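Q: Sequences listed follow chains A and B, in order.
Positions 1 to 289 (the working numbering) are the ones given, in order, by the first sequence.
Positions 1001 to 1317 (the working numbering) are the ones given, in order, by the second sequence.
For the record, the hints were derived by calculation from the structure and aren't laboratory data.
One thing to keep in mind: the hints can contain errors.
Unchecked claim - Pairs of lysine to aspartate or glutamate, DMTMM-like flavour, derived with a Cα cap of 25 Å: (1) A/Lys126 - B/Glu1277; (2) A/Lys82 - A/Asp96; (3) A/Lys82 - B/Asp1296; (4) B/Lys1274 - A/Asp179; (5) B/Lys1084 - B/Asp1229; (6) A/Lys56 - A/Asp7; (7) A/Lys192 - A/Asp179; (8) A/Lys82 - A/Asp7; (9) B/Lys1224 - B/Glu1268.
As the list claims (entries may be wrong) - Calculated from the model, a selection of chain A residues having no Cβ within reach of chain B, i.e. all distances over 10 Å: (10) Gln114; (11) Asn136; (12) Ile228; (13) Ile255.
Unchecked claim - Pair ranges (Cβ atoms, derived): (14) B/Leu1085 - A/Arg86: 33 to 39 Å; (15) A/Thr221 - B/Gly1083: 15 to 21 Å; (16) A/Leu280 - B/Leu1180: 26 to 32 Å; (17) B/Gly1151 - A/Val72: 31 to 37 Å; (18) A/Val273 - B/Val1024: 45 to 51 Å; (19) B/Leu1168 - A/Ser87: 18 to 24 Å; (20) B/Gly1083 - A/Val273: 30 to 36 Å.
Fair warning: this is a prediction, and the values are worked out from it, not measured in the lab.
Ideal Cβ placement from N, Cα and C applies to all residues, glycine included.
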Amino acid sequence: MIVTFLDIVIAGLLMGGIYALIAVGLSLQYGVARVLNIAHGEFIMLGAFGTWMLYKMVGINPLITLAMCGPVLFLIGFFLHKTLFRSLLASSASADIFEGRSLLASFGLLFIIQNIAILTWGADIKSYSYLNYGVNLAGALFAANRLVTLLFAVVISAAFYLFLAFTRLGKAIRAAAQDPRTAGLMGVNINKVLALCFGFGALMAGFAGGLLSMRYPITATMGMEYTIIAIIVVVLGGLGSIVGSFIGGFLLGIIGSIVTYIEPGLALVAYYVIFILLLLARPTGILGK
Amino acid sequence: MDITTFTSKRSLVSGSVILIIFIVLITVPLYAPGYAAILLSSILMYVILTISWVMFSGPTGYMSLAPAAFFGVGIYASAIIGGKLPFPIVVGIGGLASFCLALLVGALTLRLRGIYFAIFTFGLVMLMAHSLLFWELHVTGTRGRFVIVMGYNTIYYYLLGISMLLLLTSYLIRRSKYGLALQSIGQEEDAAAHTGVNVTMLKVTIFAISAFFMGAAGAVMATKWTYIDPFIAFNPFYSFMPVVMAIFGGMGQLYGPIIGAAILTYLEEFLITKFAEVYMLIFGTILVIAILYLHDGLVGLIQKWRRRIWGERYANT
């Protein structure tokens, strides 16, 4: 009984690490740049396909690819904000209007990125095998790639948290999240900070995509599922709270793992039920203001 | 010429234009080949979804992503009771089921503001799709259902009837005091409540009325598709399409969303059979461009050009 329970919790933590990483990225884009990026999952998909392509064609180790795909996606995100979202921000009368319009614009991006991916790589399922052997952990057997992805997800999230907490740029980002106007008056280059945050969000998505591709088969249409999970986790942790997203990711991973153990078909239903109850009871999330 | 005869002349002109369009639409199946009715049915379906969406979300500014949920409820109503009851009653029940769902959802959620309302309504669509799929797989033991087929012309006339009713309702709401109250909610909800508008009541009612038409349209469209499953019925695409069409056409005038729906549906019909990916790519690009540059949609653009060519008709007040 206790052993099964431990199995379930560990499996949940293994999944939760990726959820946390995805959600931290979205949280950054929403919490600071105020873009609820529906195309977040498409950046994950791009990261996954980049890793797959480099591994299959050139034979580069997926863990090394992380350091290549991430920066490329960062640049894409950075320039997307510099061009598209910045002109939206400039032409929107209020913050609410900007949120609505940027949500729709990111929905357009979803279609553009997804269909370019289908036209380039086709719509079929791709996969590769990496670190695919069992590791005995306290009596339970786990695939090595799952442990590696958890480790990387935690290290990346923690490193990012330290960056936010202790560097000058991190302080500027936190200030911009609290009050962009005042932060601007205090000498923060607000447009640059917002674009950087959007880029960091894309970077996280790219890392998460690379890690996901080691564990699961990938398709060009995989993004939406992860976007929805990210939105749920972000709402669970409190919109805009990085630590909340991190905790929320693990929480949702464990909940998913428990529900899957009881009835596999109900995992997604359970996510939505939690999500809807949460929005009704406490829309600000577990760590929201 | 004094101003009253001038305006009555204008309304006479626009009235007769509407009448002529209406007669043409009614007689289309008599002289045009079958494809015209099919294409017009698709356009009418999106017109209904878009106008219903604009009815609530246009003036209030609450971005509802629930159309797919209401549309899907209509589809499922038609799949479950279709064939057992006369078709007009099936369509009515489809609409009423959506109406009730919207009352419930509206009463629960319309206190959520801004982005929370949008995510909630979107979550609702996905929740319904996944719960229904689970129900179908584990309780009824099937994945999808077959729907009694109707003739193309029947579908066309039903959709035409629903859209006429919807346009009339929408027009009447727009020019009534409720229309003004809705706009005041969109501009400043607290102020609207202070001036004596029963904010919650009004929002929930209009939300439910708009859902009625989406559900009725779903009940009719189900008979066109013959086979449905939870992910066909509750496809999030039907939540986003009305939003895009409304923004593309322009929400300032009642005919803006109609133009947007007609153009984008034609584009869809034209491209989707041969180049589905290219269509979605174009669709995404149009969406981004429309949001960036078309603030008041196509109608706003046309009005701007007209003003530039003929000059201002009225003084700026």
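Q: So which of the earlier hints does this model not fit?
A: Of the numbered hints given earlier, those the structure breaks are 4, 6, 8, 10, 12, 14, 15, 17, 19, listed in rising order.
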